[in-house]
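Visitor: Those sequence lines, one after another, are chains B and H. Each residue of the first sequence is one higher than the one before, starting from 1 at the first, in the working numbering. Each residue of the second sequence is one higher than the one before, starting from 1001 at the first, in the working numbering.
No lab work stands behind these hints: they were computed from the structure. All clues given are correct.
Here chain B is said to cover these stretches of chain H; the calculated rule only asks that three of the stretch's residues, wherever they fall, bring their Cβ under 8 Å from a Cβ of chain B:
no. : region
1   : 1036-1043
2   : 1089-1101
3   : 1108-1116
4   : 1120-1134
5   : 1188-1201
6   : 1223-1231
Ideal placement from N, C-alpha and C gives every residue a C-beta, glycine not left out.
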Amino acid sequence: MKFINYVADDDRPSPLNLGIGRVVFGLYAMWKFGTQVDWTTLRTWPVRITDFTAFLVPPEQLQWVIQVEFWIVLVLLVLFTVGYRIGLSGFFASLLIAHMAGAMYTISNSGTTETFVPVSLLLMIFAVYRSDVVLSLDRFREQRTASLDRLTTQLEADARQAYHLSPLKWALVLAGIIYFLSGVSKVLGGSVVEWASAASMNRFMQRTIVRGYENPLLEPLVSYPILSDIAAIGSIVLEVGFLPAIVAGLGISLFVVGFFVFHAAIAIALTPFFFDQYVLLLLFFSWDSLHHRLSTATDVDVVYDDRCHFCTRVLLQVDYWDLRDQLTFHPATEVPEGLDGERHDFENAMFAFVDGEASRGYHAFRSMFAQLGFLRPVAFLMGVPGVRQVGERVYGYVAANRSRYFTCRPADED
Amino acid sequence: MEPVIDVLDALGLKYAFGFVVFFAASAVAVYYHDRPRVRQGWTILFVVMLFVPAVVGSNWPFLAWALYDEPGPTNVTHHPTFLVESDGDLVRLDMRAFGHGTEAVFRGYAAKMANEWNETTVRRLGTYLVAESNEHRSRLRGNYDFGPEFWVPNGLRFPRHQLDYRWDQSVVTGNDTFVAVVVYRVDANISVDGSSIEEVTCTPATVVELSRAELDRQWRPPQRAPFPVCQT
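With the rest of the complex left out, here is chain H (with noise of 0.2 Å):
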């Protein structure tokens, strides 16, 4: 089985295998629901599907769950993200910008942007959050937002939490906008009794404008990012 893994792996094409053979088999049991042994083979290829993405160490979604499988770090590097306003205020992304639920999405954009991708990518994406929240700015000014927020009623969406930041109306009010958008690098050291943070370093990463001409030529990110632990 393993050879046939890496062909497909190779081809690129594991996971789609994995897909059809699951739904086809699924086809095939749901069909012939009154046979039991159909069903015992279903149930056979279900479990056996469940382990192997974890048995060879997949990232299968949800299934090879490692979450926080290492004990808790002493470094940890956390890549906040800032709009810029074109007096050079920052302002934290509010997410229902793009219909991204909370800002643990995001955590891995960030640190892509900051560490791994290339001028180009980053610069599409930032545009893109530059251009959208503005957007979302304008839609809630004019209360023209008509997003999950404005169709799901009250009672049905999840109770507010840490993760689901919201621009408050201070931030929707402004007459300014959104020009760059700016990825911090927060380096922290953590006790190894977990007590405390000790050190914390945090510096601008990258920087993408939308528009030089709006901002002043002169304006540099700030050093330490409007950003709690930064603060301290």
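Isolated chain B (complex conformation) (with noise of 0.2 Å):
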């Protein structure tokens, strides 16, 4: 598992890592979000436990605002992990829930509430540093106004560009603050190497007894105190070290493994408390290194229709997948003559040539995504009767229509 320290480099030779990571952080946000939290209790709950957030309390007449922001919120999560306006719906977002969980906080101020703040940060990184976002449909619209030669010369080019990726490289720094004023507090809180015995590792653990709750780990630790050592140490280490190793650009996925082991241990000795660390160190994980890993090693010609702007367009989402450079792209009105141009219309539909073989339309689609890591269960899914059907329809429709509705270059331009 290898897991990326974004501040000793933030560009990668692909935008996968922050799309991917934008993606999941989304559906993480939106499920935290709509799922784990009864909002409604703001309105019910009589006695408040903690003020310092209590301006963020909407007066009693005006409760219902909590209601009407839970819905907007959801919708802006939808738009943020679409990459729909990630300016906008990212910062509204951020701002509704920590208006929402500083509320709440005053009458619960548990860690499911706690964890909204890196949530709001989070939201707030991406849409600051949107203009990095790549693989999103902001960038997609964006390229409407780009010209037909760049994105063509773009699609055709041999050369692979870096993308920076700085939201991630905020969201590490982020990251690796919280562990750090964790494992700080620590040491400055009291005496550290009395907190690094298995003494008081034990002690942490009986009190779960005392709280009324079953320990599995208990046992384990007080017969064997090397574990405790291990796990109290390991924890002071693995907190403090984590920011300096970062900002010194050193590699982090021992760190990132050791906090999953970590927090699964918490798990099964009490409850899974940190279940959103897991999510958050996602981030950082070298998915693209992955997708490559996924992908075939097989070729794929494509010929595609290069004064249709909207394809152009379409065909450079999918080229920012290509990691492996497997994917050679070709003009329909410059088709090289290994590929038959006599035999396949070039002028309606795109095609693809896998060892020879060649695929039109929606199924030259599939062709690329099944060599492509990630997409290949795409690729697999768009073959399933009924979606194959709808998807060549659509593929049709879009086809025969592009010069109508979408922007294309009429070829007497040419």
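Assembling the complex is the task here: the two chains are given apart, and the hints tell you how they should meet.
Guide: This is the structure we're talking about:
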């Protein structure tokens, strides 16, 4: 498992990590926000336990605002996840979540509420650094104004460009600070030597028993103090060392795997308290390396309509996933000899050639996806009866009407 | 900067100020996102605001995360809370009755009910707990509980865990009514090496009765709570 230190270098040969990271985080944010808290409790719970965020609680007659905000946030999170107006959707989702969670904190100061803080901050990081987000509806829309020549040049270029993934860099700094503050509070909070002892760790375990819970790790930890020592010292080293390692540009994989193990141990001992941290840390996983490994070694020659602006933009989205440089795009106006131009109607549909075998239109997309790591399941789904028929019809309609509905350059302009 | 924070603190506006400054600065940064200097400025503010709460010792949620920062305790106090049925039986709270996810939420409330709050506040919360628990039990009995449990599909729920206690069928189908709530105080001494729990005392700390008429006048909370560590 490889995790990337984006502070050391936030350039990657593809925008995949940021695209996948945004979608994973967006889905998690929707799930957490939509299912983990009953926001109506704010209207009914009679007593506050903390007051310092009370300024965020709407007055009695405006309590309905929270319910309205709930639905607005859900819509904003959907837009954010698909990458539509990330600036606006990210900013307002961040603001409204901070408002709601802050108000909720007055009656529920548990980890469930607290973990909305990094959710809100991450949304804001994406909103501020959105110009780095390539795999998104925003970028697809922006390409409307790009010249066709620029798009075709980009599509047919052999050289792979570098993509800045700044949102992941600052998300990593955020994760590092969160762990660092927790670790430093242990160092400064009392005797760190005592904290990092087996006896202290065992007393934490016994406390769970006092609170009425079963703890399957208690017995092994008490019986083998070396395990408690490892757990205690390991916690301090991981928490305090993570941020310096990030800033120094060192590898972070060991730290992240260490956090995974420690959070899993806590989940076994009591409850999956730190589930949210898994999602946060997964943002730094090397998705592109895994995608690369899952891709086939097969080359694909694609013949496309280079006079169609819309078609070129769509193919650019596919090209972002081509990390092994398997796809070679040929303009329909200059088909290489080997691709047998006379047998195929390149004017009317896109073609993909894999090992000399041609596939047309919708199936050309399937052929491309079937070679590209994470898109291989999509290729499979596209072949499922029902999906295939619908897909063929949609492709046929778009291809037949591409000059009518989508921006295309007339042939006589060339 | 410190005097300003002191003044804001005195006015109770410190956190409001921090909230407004951060989101106002963020609005500017989002609008001018294509200007590197604006992004840079926002990032500096972002990092500073992550560190400041920790440095000034504020209890800002999550970021001044002093969780488990003291060595494991040798003395632990816990406040298990029970509903009382009119026949005197004690039933553990099911937090779904109030829309809260886990028992961890209630830990602070129970401690304040037992030790800190005045009678009016304790009564207000206690009355609410009893009334909502009765309502929740009726909904479960009648199968018309339309809370998150109803509309969130099983696969999307957080995995069940120990802090996620729920009433079983015997509680749901019980014919009795909740008429009071009792908060116990459990004090436990843990051995210095953490190998054992040495001494436990369990005593009732607070009782809130919804209706004395419905509860046997002779009823007194059991001296030992029906709680695992109190039974050993």
